[in-house]
Amino acid sequence: MKKKLLTFMLTLGLWVVFAGRMNIQVMMFGTIICSILSHLLANSVFRFVHLNGGPKQIVIKITYMFFVFSAFLYDVFLSAVKVSRQAFAWNPSFSPRIVKLKTSDENSSDIGIFAHFLTCTQGALALDFDPLHKNYVIHWIDVDSDAEAETRKALIRKQEHLVAKIFHSEG
Amino acid sequence: MELPFVVVTILFCLGIYTIITQKNLIKIVLGFTIVESSLILIFVLVSYQPGGTAPILDKAYHLVVDPIPQALALTSIVIGGSVTAVMLALVIKIQKRYRTLNVDKLRKLKG
Amino acid sequence: MVVLYVILAIVLSACLTFYRVMKGPSVSDRIVAMHAIGVMFLLVLVLLSYFFARKIFIDVALVYGVFLFVDIVIMAKYLRKPEQGGVRD
Amino acid sequence: MITPGLFYLIGALLLLLPIREKMTYILAILMTTAALMMTFYLVPGDRVQLEFLNYTLTPVKVDRISKLTGLIFTFGGLGSVIYCFRICSRANLRLIFIFIGSALTVAFSGDLFTLYVFWELMTISSSFLIIMASDGTKKTGYYYFLIQVAGGLSALWGVFLQYAATGDLALKTIEAGIPFFMIAVAIKLAFVGFHTWLPLAYGKAPFYVAVVLSIYTTKVGVYVMSRLLPGIDILAYAGLFSALFGIGMALLQTQVRRFLSYSIIIQVGYMIIGISMGTVAGITGAMFHLVNHILYKTVLFMAVGVVVYTTGKDDFENLGIMGRKLPVTSIATLVAFLGIAGVPFFNGYMSKAIIKDAVNEPLLTWGLNLMSFGTCLLFLKFIYYAFLKKSTISLDKQPALSMQVGMGLLTVMMLVIGIHPVWLESVTNMDVAIHYFDKKHLVSGIQPFLWSIAIFILIKKYVVKNYEAPLPYDLYRQIAKQVVTTGYQLSNYHDGKLTKYLLWTTSTLIILLALLLF
Amino acid sequence: MIDFLPILRQIVVYVFFLTGSYFLLSTAVGMIRFPDLYTRLHASAKCLMAGGISILMGCIVLEGIGFVSLKLIILLLFLLITNPIANHVIACLDHSNTMTPNPISKNRS
Amino acid sequence: MQAAIWLIILPLLTAFFIGISKVFYSYKLLFPLVTGSAILYLYLLISVIDHSYPPKVYSVGDWGLLGINIMVDPFSGLLLLMIALLFLPVIVFSLKYITFHTHNYFILTYIMTAGIAGMVLTADLFNLYVFLEVSSLSSCALVALKKTNKAIEGTFKYLVMSTLGSFFILLATILTYDLTGTLNMAEISVAFQDIPFQIKSILMAFFIFGYAIKIGLIPLHAWLPDSYEESPIPYNVLSSGLVMKSAVYALIRVLYILFGFDFLDETGMLQIGVVWGVVTFLIAHLLAFQQSNVIRLLAYSSIAQIAYITIGLFVGTERGLIGGNFHILNHAIMKGTLFFVIAIFHYSLTAVDIKDLKGLGFRFPLLSFTFVVASLAIVGLPPFNGFISKWLIVEAALDAGFIYAAFSILVGTFLSLTYYLKVIVTLYTKTDKTIEMKEPGLALKLPTIFLGSLCIVFGIAPSLPLSLIDKIPTFLLDHEEYISILLGG
Amino acid sequence: MVKKLYKLGLVVSLGMFLFVLFSDIHNLDRTSKNYLSEHYISEGVQETGAINLVTSVLYDYRAFDTLGEATVLLTAATILAFLVPVTKADMLGTTFTIIVYQATKYLIPFIAVLGVYVIMFGHLSPGGGFVGGVVMALIPILLSLTYGIDFSEYKLTPNTKKVVEDIGAIGFILLGLLAVLTGNNFLANGQAGFPLGNAGELISAGLIPYLNVMIGIKVGAGLAIIFNSLMKEQ
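Chains as they are written, first to last, in our numbering: chain V, 2 to 172; chain Z, 7 to 117; chain A, 4 to 92; chain U, 274 to 791; chain S, 2 to 110; chain H, 770 to 1258; chain R, 107 to 340.
Simulated from the structure, these hints should not be mistaken for laboratory data.
Keep in mind it's a predicted model, so treat the numbers as computed, not measured.
It is possible that part of the hints are untrue.
[As the list claims (entries may be wrong)] Have a look at the derived ranges for each label pair, beta carbon to beta carbon:
id, chain 1, residue 1, chain 2, residue 2, range
1, R, K261, V, H134, 26 to 32 Å
2, R, L283, V, I33, 20 to 26 Å
3, R, L111, U, Q751, 36 to 42 Å
[As the list claims (entries may be wrong)] Derived pair list, reagent style DSS-like, types lysine-lysine, alpha-carbon separation capped at 30 Å:
id, chain 1, residue 1, chain 2, residue 2
4, H, K919, R, K109
5, H, K919, U, K773
6, Z, K114, H, K1240
7, U, K773, H, K916
8, R, K261, Z, K102
9, R, K109, U, K773
10, A, K58, V, K83
11, Z, K116, R, K113
12, R, K261, H, K919
13, H, K916, U, K770
14, R, K109, U, K770
15, Z, K29, A, K26
16, U, K770, H, K919
17, R, K261, V, K4
18, U, K295, H, K1199
A virtual CB, placed ideally from N, CA and C, is assigned to each residue, including glycine.
Extracted from the complex, chain V is given alone in its bound form (with noise of 0.2 Å):
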């Protein structure tokens, strides 16, 4: 019932956004559009998602996200920077190297939403998971000894402890 009514406020604020209106055609439209919606996939949508504690520790949570979501844009900014500077230097040098990691991570929607992280920033590029070992393979752009790819990973491990507490009820 939580999920439903989680997708629910979900659709119902995209409807409301899109709609780029408020008024009551549009609510009644929306309550029993979303609802329908909501009624069909809830349950696939958020399967693996748990979904304890009551509406406090939500809005923690949101707040959390927000935090989260602010860091990394940040971030995205930073390793734009970095690659586009590699992208107009004269002579661009890259140490490419491809890299396993292994996560921690049970929840695939935390193993989804962290290769985005990864994606988008440290240099990184997440090109697979291996769901057997968990393992992700990462291309680093510039990544010079292997000293320094051990750091990068131990900033990456704080990134995914970030991202894990998404999704999980401790908050």
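Chain V is already provided as a structure; the job is to place chains Z, A, U, S, H and R on it using the hints.
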């Protein structure tokens, strides 16, 4: 104003040329899509007016392009898409049955 | 009129990216370039809605974005190298 | 007032009913007799008019010539139907009825449209008679049908030209498109050069079919020619030539029916000459000859039919059975022989005399004499095989009674006309003003007969010899072969290549654009 | 103060647009100059993303508060979700292709 | 005139309902749905044909000249009459004959019928294109129904060719809109009077080319026999009877109404049309003679007969139009009969080659007789209906001065006899082989005999259909009246 | 070689003809010919109640075309549905990682709402039944692409899609027949007395939004059938 027509003509003839010269079935179908798109471009050209805006009148506009060709273009896009889909399905079938994509190998029916 | 200049800049970069589409040694290169161009034109659509002062272009951009994504997925699913049974580049 | 042919057509429809065998015979006799009576009481000058499409048609128009033709057609129909209803199947009887009915309708038709329609109906029904008869006649039927339809289409084109020129479909002497009518009639008449179908059809088809066909097919041609193309001089010589050719070909035949069919060509020659004179006497003579010819040629075919029926083959050798085992047939054959030879007091004499009188050119007169002489000579061969030559053929089965009745009917008619030819004139009010039995005519009539007996005795071994039938050179087959080859090549162009088809398409587009623009 | 706010907004918009243009241009240059597919994918993933975000942010600021900005934000989120996935999909395609040992293909290429 | 719109809606609704019934009720609902709708459709058709003179206009959506108009005039009445004559027999026949993909067959048949009815009724240029596509795509689908190799190949060829034709029709339609600013045929016709000669003639060439592909004039015919060969035979009845004819209808509509008779005369299109027709049927007859497959033979014969129709319609006189239109009707009936008989043979003993037909004349006497009647009618021998219409065409051609065309038609008649006779002779050849066969039921025989008897009835009493056809030339030769009615309604 | 040149010549001459035609049309001076489009532009909003003139043309002035077009799509779907083999064979393709699955899952509500929005606001914004239907069709398409045909057909069986498509088509006709019930012509909207409402609101323009919905679900289901059928072929 002359230039778009030249482009459309070239596109149209390119499509026809593809259809009549290519031996690969998929390329023939691609030729059809090229002709199709050139026809849609003609629709657009017909409806175009210098300085006109899209025919969605959420407020009063000075100059609006002709809505009819746009509607007709939508119709012909759907029809063309359906025809292309059927054609592709047939191509797949042919590839499966005849084990070839060469048009000239389709010679079970003759005489 | 800053919007116009931005549009021009984006179109310029799209044209530059098109070089990769033309040349790209492998299919994947072309797909990447096409995707980049697609996103650029999506942005152009958004900017055009300011240039023409018609908000309807944003709706178009939304739908276009969805199509862009599905296109890439379809291409990635079915374009393989010849030795794997795919269509020759 | 209706056309007598309608009786036959209705009869054909009634035959569709699931009735018993005996009822069929009664029905057949009833319908044929009714048609005969109807024709007898038709008054010249009657006509029926009908609105069809936007023409005014006259499907029935009676005058003296058509009445005469109609009478002999119905009478021949009676005889032949009686002759064959026991031996042919219901379906064939139906076709025979349609055939006779349409021939009669042609004889009474008053406009070109009706004429053409029933002309083609004759073709169709007779072709199916041949096609459905047996497996051996398929190709013959095919050939026959095609040739006849070619003739019919030629007539149709003539009709169109005539209509375009005069704006009228009435049946009268043709003004436009004469060559096409000529071809049409020539094919129907089995003119030399257009005769290839005749021996094939009559020689291969079952004997009863040959009997029916021999009554109507060529005779309708004669009738139509007398209506549409009278008085064209050149045709007389052509007819003469055709007859002489017929004599020559007939001598070479080994099959009796082929022999008889070539003899039809000779007899038709008489009629062509008569009609080509264009005078009343000539046409009347031709029509009388038509009557007589129908009578004796039908009897001859029937006699041969009996032979075929009883022995199974129609070689000359098989005729030997006639003189010994088949008395009725023998008498009929003899009467018919004397008739065809033009011996006085037999029927052929009368019409030949009229035609001879009507002809006033020495060449043609001599030609006629030659033709009479040749005919006699030919039929002496027939008689020789039938009665004089020893033969060991045995009878398989007895001829059916109906066959003999039909044959006897016609034989009696022949005798009546032969002895009292004026009766024929009085029935149809055709006054020829000729003394049949004066000295001049008697002499000229008997002369070729006597000469031929003498010559026959002299050159008997050449006449009765079994010749190798010459391989006929058929121009039409050659043309057909060419056409089929062309078609084959065209068909080979369609080799299933889509690119080729698309190329044709595009070329057509460009040609079309160029044609329309410039 | 009242005049200052629009000017500030204008400046922010300019900045956003400028950075956006810069990133997009760098995407194009990167596309051309980078040596192999993966590095190009980096350009496509990061620079393009940054450029898109910048320009959309610029538009949002230009628009001000309203439903249209919300719509733009949704577009932005959508791009954020799909763009990495698109890159990942392409990379995955190429990665799994190259990982399969196939000597013939190497000779051919 | 409410019934006119139902002519298009009813088949569509039926098709969609069959689609639903397929999922829920499999075969239970099929028979009542199909036959009930066909009978209702027949009633509607008759009531519309009954009111086809004087012409009436029905505006879809009440928009008048702003929207799409539907118009019933005697010419469309003729085509509707053909649907009325063919549709119910085909449906009854197919219910027994079609044993695979039954639902799809009926869905597509109904959609095709709706498309044809739409083409026939509409008075709007773009709507014509749309319905043309509806009918041609669904007929493509029906060709592929058997899913054999040949069927797929034939469908592909058909689709490629017909789409190529559609493109040119669409191109011409767009440009017509560009030139005149409207899509209503009457308004276009009025506006076309000011358009220069050159533009009009190129547009006309595109229209003619597009429709000629669908008609199958040589050398645009190559798809036609291929597509006929492996398709379900009852469909061929509709295909040769209605699909090709509707293309002819559309062509004549466009040429005579849009461009007007005077323009056709001016460009020499009439001459081109007649010459094209002559070439077409001569070649088609020669090709038909070569075929060993009866269906292919009939397909080539269809091409030839269509060429006769073309000649009749392009002669440009009143009589020619009457003859051509009568031949449209007659050809549908005759070819329908022939295909039905062949379908029954195919149903009973899977015979489609000529040599397989040996001896069937004695096994199926009535059906073979029907076949003979229909083939003689199609050859053009009296006293069947084909003769009357050919007579009219030849007479008109002669009247208008096309002597060569008139003469060639007679030659063509002779040529067509050669191959039909070949089939007939084979039918009546006795054979010793004992053939196992299924007995065709009454459902198969009845439609066949109905159509076959029409051959004779229309031959003996041609005034029955001609009373309708006689009114057609008024609205074609002089398009002013048509235009005024369409503009006024 | 000659053949190739010949083909080239054909195409070039076709191009010349086309160019002549286009330049002729362009050089033609047209004076106030397009009264139809002017009428649509000036009166269309009042007459149909739809702001989007393309929609008003498609679903009101020329709705009959739309019916035919929907029929074409349905025909294509039917053809493809019976052309596919009975045994399902997924076309060989790259299988995606779990990352793609997740992203697809979260995109589905978004696409659904977007599709509904495009359909429902067809008379107010660009789009309409067709575009919306295509967007809706992306859901099963994405499912088939990422999760495979089997999953997609488990979620939405072909029969369901078929029925939905038929219902859409029937609904379109029935909505058209509503006007007939009120004694007007088929597919009449404003004339038949359906309330047009205030232009620019969601519930306005009489039947147009409902026609949009019907076409939307029809196109969506039809495209899904077409795509799945093409994918099933191997």
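What hints, given by number in increasing order, does this structure fail? The structure conflicts with hints 6, 10 and 12, although it agrees with all the remaining ones.
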